[in-house]
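Assemble the whole structure, with the sequences as input and the hints as a guide.
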Amino acid sequence: MPIHDQGYRHYGGDRASHGRSWEVIAKTGIRTFVGKRAFIGLLLVAWFPFFVRAVQIYAAANLPRAAFLAPTPEMFRQFLEQQEIFLFFVTVYVGAGLVANDRRANALQIYLSKPLTRTEYVFGKLAILMTFLLLVTWVPAVVLLLVQIMFAGNFIFFRTNIHLFPAITLFSFIQVLTVSSAMLALSSLSRSSRWVGVLYAALTFFTQAIYGVLYEVTRDSRWSWISVPSDLSQVGDFIFRLPLRYRTPVPVSFLAIAAIVVVSGLILERRVRGVEVVA
Amino acid sequence: MVSALRIFDLSLGQMLWSRRSLFLAVLVGGPVVLAVAIRAVVLLTPVEMPQIRGARVGGEALFGMMIWLLYIRFIVPVLGVFYGTSLIADEIDDKTITYLFTRPIRRGAILIGKYLAYLACTILLVLPSVVLVYFLIVPLGEGRIGGAFGSLLADLGMLAVGLAGYGAVFALVGARLKRPLVIGLVFAFGWEPAVLLFPGYPKRFTVAYYLQALVPHAMPQDSAVSLLMQVFRDVPSVPLSLASLASITVIALWLASRTVEKREYVLEQ
Amino acid sequence: MNTIIAADHVSKWYGQIIGLNDVTLTVPSGITGLLGPNGAGKSTFMKLITGQLKPSKGAISVFGEPIWQNPSLYFRIGFCPEQDAFYERMTGLEWVTALVRLNGMSERAAAEMARRALDLVDLAEAAGKKIGAYSKGMRQRVKMAQALAHDPELLILDEPLSGTDPIARRKTIRLIKELGRTGKSVIVSSHILHEIESMTSNILLIHQGRVLAEGDVHQIRDLIDEHPHTVYIKADQTRALARQFLAHDDVLSLKFEDQAVVVQTARPDAFYARLTDLAASGELGAIHEVTSPDDNLQAVFQYLVK
Numbered sequence: 001m002p003i004h005d006q007g008y009r010h011y012g013g014d015r016a017s018h019g020r021s022w023e024v025i026a027k028t029g030i031r032t033f034v035g036k037r038a039f040i041g042l043l044l045v046a047w048f049p050f051f052v053r054a055v056q057i058y059a060a061a062n063l064p065r066a067a068f069l070a071p072t073p074e075m076f077r078q079f080l081e082q083q084e085i086f087l088f089f090v091t092v093y094v095g096a097g098l099v100a101n102d103r104r105a106n107a108l109q110i111y112l113s114k115p116l117t118r119t120e121y122v123f124g125k126l127a128i129l130m131t132f133l134l135l136v137t138w139v140p141a142v143v144l145l146l147v148q149i150m151f152a153g154n155f156i157f158f159r160t161n162i163h164l165f166p167a168i169t170l171f172s173f174i175q176v177l178t179v180s181s182a183m184l185a186l187s188s189l190s191r192s193s194r195w196v197g198v199l200y201a202a203l204t205f206f207t208q209a210i211y212g213v214l215y216e217v218t219r220d221s222r223w224s225w226i227s228v229p230s231d232l233s234q235v236g237d238f239i240f241r242l243p244l245r246y247r248t249p250v251p252v253s254f255l256a257i258a259a260i261v262v263v264s265g266l267i268l269e270r271r272v273r274g275v276e277v278v279a
Numbered sequence: 280m281v282s283a284l285r286i287f288d289l290s291l292g293q294m295l296w297s298r299r300s301l302f303l304a305v306l307v308g309g310p311v312v313l314a315v316a317i318r319a320v321v322l323l324t325p326v327e328m329p330q331i332r333g334a335r336v337g338g339e340a341l342f343g344m345m346i347w348l349l350y351i352r353f354i355v356p357v358l359g360v361f362y363g364t365s366l367i368a369d370e371i372d373d374k375t376i377t378y379l380f381t382r383p384i385r386r387g388a389i390l391i392g393k394y395l396a397y398l399a400c401t402i403l404l405v406l407p408s409v410v411l412v413y414f415l416i417v418p419l420g421e422g423r424i425g426g427a428f429g430s431l432l433a434d435l436g437m438l439a440v441g442l443a444g445y446g447a448v449f450a451l452v453g454a455r456l457k458r459p460l461v462i463g464l465v466f467a468f469g470w471e472p473a474v475l476l477f478p479g480y481p482k483r484f485t486v487a488y489y490l491q492a493l494v495p496h497a498m499p500q501d502s503a504v505s506l507l508m509q510v511f512r513d514v515p516s517v518p519l520s521l522a523s524l525a526s527i528t529v530i531a532l533w534l535a536s537r538t539v540e541k542r543e544y545v546l547e548q
Numbered sequence: 549m550n551t552i553i554a555a556d557h558v559s560k561w562y563g564q565i566i567g568l569n570d571v572t573l574t575v576p577s578g579i580t581g582l583l584g585p586n587g588a589g590k591s592t593f594m595k596l597i598t599g600q601l602k603p604s605k606g607a608i609s610v611f612g613e614p615i616w617q618n619p620s621l622y623f624r625i626g627f628c629p630e631q632d633a634f635y636e637r638m639t640g641l642e643w644v645t646a647l648v649r650l651n652g653m654s655e656r657a658a659a660e661m662a663r664r665a666l667d668l669v670d671l672a673e674a675a676g677k678k679i680g681a682y683s684k685g686m687r688q689r690v691k692m693a694q695a696l697a698h699d700p701e702l703l704i705l706d707e708p709l710s711g712t713d714p715i716a717r718r719k720t721i722r723l724i725k726e727l728g729r730t731g732k733s734v735i736v737s738s739h740i741l742h743e744i745e746s747m748t749s750n751i752l753l754i755h756q757g758r759v760l761a762e763g764d765v766h767q768i769r770d771l772i773d774e775h776p777h778t779v780y781i782k783a784d785q786t787r788a789l790a791r792q793f794l795a796h797d798d799v800l801s802l803k804f805e806d807q808a809v810v811v812q813t814a815r816p817d818a819f820y821a822r823l824t825d826l827a828a829s830g831e832l833g834a835i836h837e838v839t840s841p842d843d844n845l846q847a848v849f850q851y852l853v854k
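Protein sequence lines correspond, in order, to chains A, B and C.
In terms of our numbering, the first sequence is numbered consecutively and its last residue is 279.
In terms of our numbering, the second sequence is numbered consecutively and its last residue is 548.
In terms of our numbering, the third sequence is numbered consecutively and its last residue is 854.
Source of the hints: derived by calculation from the structure; they are not laboratory data.
Fair warning: there could be bad hints in the mix.
[Claimed, not checked] SDA-like cross-link-like pairs, simulated, lysine to any residue; straight-line CA separation at most 25 Å:
| no. | chain 1 | residue 1 | chain 2 | residue 2 |
| --- | --- | --- | --- | --- |
| 1 | B | K374 | A | R104 |
| 2 | B | K541 | C | A607 |
| 3 | B | K457 | C | A607 |
| 4 | C | K602 | B | R537 |
[As the list claims (entries may be wrong)] Okay, the calculated beta carbon distance ranges per label pair:
| no. | chain 1 | residue 1 | chain 2 | residue 2 | range |
| --- | --- | --- | --- | --- | --- |
| 5 | C | N586 | B | A316 | 34 to 44 Å |
| 6 | C | S654 | B | K541 | 52 to 62 Å |
| 7 | B | K541 | C | A814 | 49 to 59 Å |
| 8 | A | R15 | C | P714 | 36 to 46 Å |
[What the hints assert, rightly or not] Covered by chain A, per the in silico footprint, the following chain B stretches (three or more residues, Cβ under 8 Å):
| no. | region |
| --- | --- |
| 9 | 342-351 |
| 10 | 462-473 |
Given the structure is predicted, the values throughout are model-derived calculations rather than measurements.
Note that beta-carbon positions come from the ideal geometry of N, C-alpha and C, so glycine has one too.
This is the structure in structure tokens:
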């Protein structure tokens with residue numbers, strides 16, 4: 001046909017199969033944050049401990065006098081512990097507004113009027129936060145392991161501590177999943193990201209403070225299950241096969257973490273809706 | 280000042296009866312609930328008073344420990360961060376700032392009025408909580424309510440001063456910066472604890488350095504960080520601390536007012 | 549006529565975006581309509597004259613004084629913003645009273661003034677209800693009330709008819725005209741010409757940050773009439789209609805579209821009168837639809853900017 005129709009044409013290309021819409025939310029969200037200079041600055045600062053550790057590993061491998069700095073499994077556990085403060089700040093920066101901003105803009109109605117289920121919406125948002133949190137926990141820890149292999153020039157340390165890679169992976173994912181689901185649930189409770197940030201700070205620091213008081217009073221660390229950071233620490237020590245720092249049975253800490261994830265899921269189920277159910 | 284008081288009037292009612300303040304009342308009630316639980320356990324069960332480094336502690340020491348761990352390290356900074364950074368920011372997010380800016384009131388007075396409302400609201404929430412905890416905990420282990428009353432008054436004054444100081448600093452943060460909450464949390468839970476660990480002048484650029492000098496109780500040694508803090512701790516005198524906190528409050532409020540006066544607020548359409 | 553507002557070579561930009569571009573104008577006392585399509589710069593101008601923004605260049609004065617950082621002028625100004633924002637948990641009366649109190653009135657006087665203002669906008673019965681429960685029209689009216697309550701000399705109303713139903717629209721227009729008659733100056737912004745026409749004959753046309761025209765609305769209307777007017781008519785017997793139209797010399801051109809005829813006329817009033825007679829008589833079949841793509845501000849702007 002010599003003269004082409006300039007009118008509206010239906011899309012004739014491929015469509016992604018059902019259940020992939022969460023990727024669109026995730027990619028858009030990640031791109032949005034990556035475009036913010038202040039956030040990139042925060043991520044760079046979060047990688048600073050990695051560089052310090054990398055220098056430590058290099059020194060241990062190449063300078064005989066620095067042999068005492070040789071990496072141990074505890075070092076990787078400590079590294080992840082040091083990253084917890086960045087975990088907190090990245091969670092607040094990225095996560096506080098994830099659902100709250102959509103609620104403020106009444107965007108949930110628009111999202112859920114598309115062929116997008118609530119589950120996909122939640123997974124998409126979760127993926128945004130988890131991506132950045134893994135970027136400051138799992139990724140630098142694994143890269144540190146690779147750095148150790150590279151500077152040592154052999155796999156001896158890696159083979160001797162073969163449990164390290166799965167431990168880093170498992171603990172990072174548990175930590176990131178717990179924190180992300182809690183933050184997302186809190187974000188769904190309000191239209192103000194500022195308020196959500198405070199709620200999250202309360203969950204983290206206040207529970208720690210309450211445990212601190214109970215410990216001072218009872219001198220019994222079995223109360224640590226009350227504190228979210230303590231539960232994660234206990235689980236982390238267990239996964240890394242290190243001496244446990246609290247007397248709380250490990251299953252109790254696991255249960256507390258599971259409860260946080262489950263309760264977060266229930267909150268999200270109730271709050272992520274296209275319409276507010278008043279009655 | 281009269282204009283600021285009118286704003287104070289308008290804002291106080293809003294702050295006190297908002298859902299957020301009800302939640303914060305629950306947060307501030309946490310220590311009270313804990314105190315009730317501790318009191319119940321000690322009174323109803325044959326449990327001995329706890330020991331710290333082998334010595335039995337009385338209710339006064341327990342109360343002091345709770346002041347440190349719950350109020351100074353968490354409740355006061357968090358209330359300062361949350362309310363302080365939201366003084367103007369909430370009105371901007373809700374787009375109600377237009378109504379205030381088109382009234383015959385200086386913009387700086389709007390900030391001062393809201394700050395005063397924040398102070399009144401937080402004092403009304405925090406101080407009664409402290410008093411309740413005092414009456415629940417101090418009598419334990421043969422502690423004397425009358426004997427420790429002076430330190431209670433000192434605690435109340437110290438917490439009010441802390442709320443004033445943190446509120447002013449975070450009001451400035453909220454007036455100047457785009458993401459005040461994250462910056463505020465970094466300051467309160469990152470910068471301050473970190474800088475207090477090290478000797479030298481950086482710690483003088485914190486509110487905590489001066490506030491902690493006013494606390495009439497010994498700092499608990501609940502962690503390695505606390506122990507390290509005690510090693511490097513240099514405690515300014517009470518008059519110096521009060522003067523410094525007053526200066527920080529006044530200067531921060533003045534800078535925040537100036538910022539609000541000069542800044543243009545372009546609301547999202 | 550006194551000059552209420554004077555803008556002298558005012559420009560305002562937001563980063564790279566120009567909101568207002570070298571605007572010089574005066575606004576006299578009385579009712580002035582500020583017209584322009586969305587994004588023309590009306591809200592920017594409103595924010596500049598209410599002191600919410602500072603000009604990037606030039607100067608703006610209200611009642612002869614600069615408005616930026618001059619809060620004392622607000623005793624004489626009442627502003628009704630476009631955005632739908634309130635302290636939702638307050639009742640209408642509480643909210644208006646609280647805002648009036650900021651003008652320095654006592655609690656009792658402020659409450660009395662608030663009640664009077666709410667009565668003026670027909671919200672007396674709903675004054676005790678929370679604003680969160682108000683309909684869109686009620687929210688618009690309570691915004692008007694807070695602007696009127698302290699009896700200002702100058703009222704600045706940013707899209708006051710937006711979201712209102714036809715009855716509320718008529719009442720608001722009547723109120724604004726009444727306010728003008730009592731000696732108040734009113735600046736009303738809108739993007740709908742006939743709304744402004746029904747309130748005032750004195751208008752300012754803004755487009756892409758520039759003032760296109762200012763003055764009497766009839767002069768603007770005449771400009772539209774000089775420009776050929778397009779009328780779209782959907783009918784059963786389009787050819788018969790076309791023959792009828794071509795008999796008159798005000799019809800400049802016509803063309804056929806799917807079951808419709810599109811006419812260009814130099815005298816739209818005369819053409820519409822003939823069309824109405826034809827439709828009423830039915831002698832040339834049924835006429836289903838008559839629209840004019842030209843009878844809007846956009847057409848005026850297109851003419852003015854070409």
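Do the hints match the structure? See the list:
no., hint, result
1, K374(B) x R104(A), "12 Å, holds"
2, K541(B) x A607(C), "16 Å, holds"
3, K457(B) x A607(C), "29 Å, violated"
4, K602(C) x R537(B), "16 Å, holds"
5, N586(C) x A316(B): 34 to 44 Å, "60 Å, violated"
6, S654(C) x K541(B): 52 to 62 Å, "32 Å, violated"
7, K541(B) x A814(C): 49 to 59 Å, "55 Å, holds"
8, R15(A) x P714(C): 36 to 46 Å, "44 Å, holds"
9, 342-351, "holds (count 4)"
10, 462-473, "holds (count 4)"
The structure shown violates the earlier hints numbered 3, 5 and 6.
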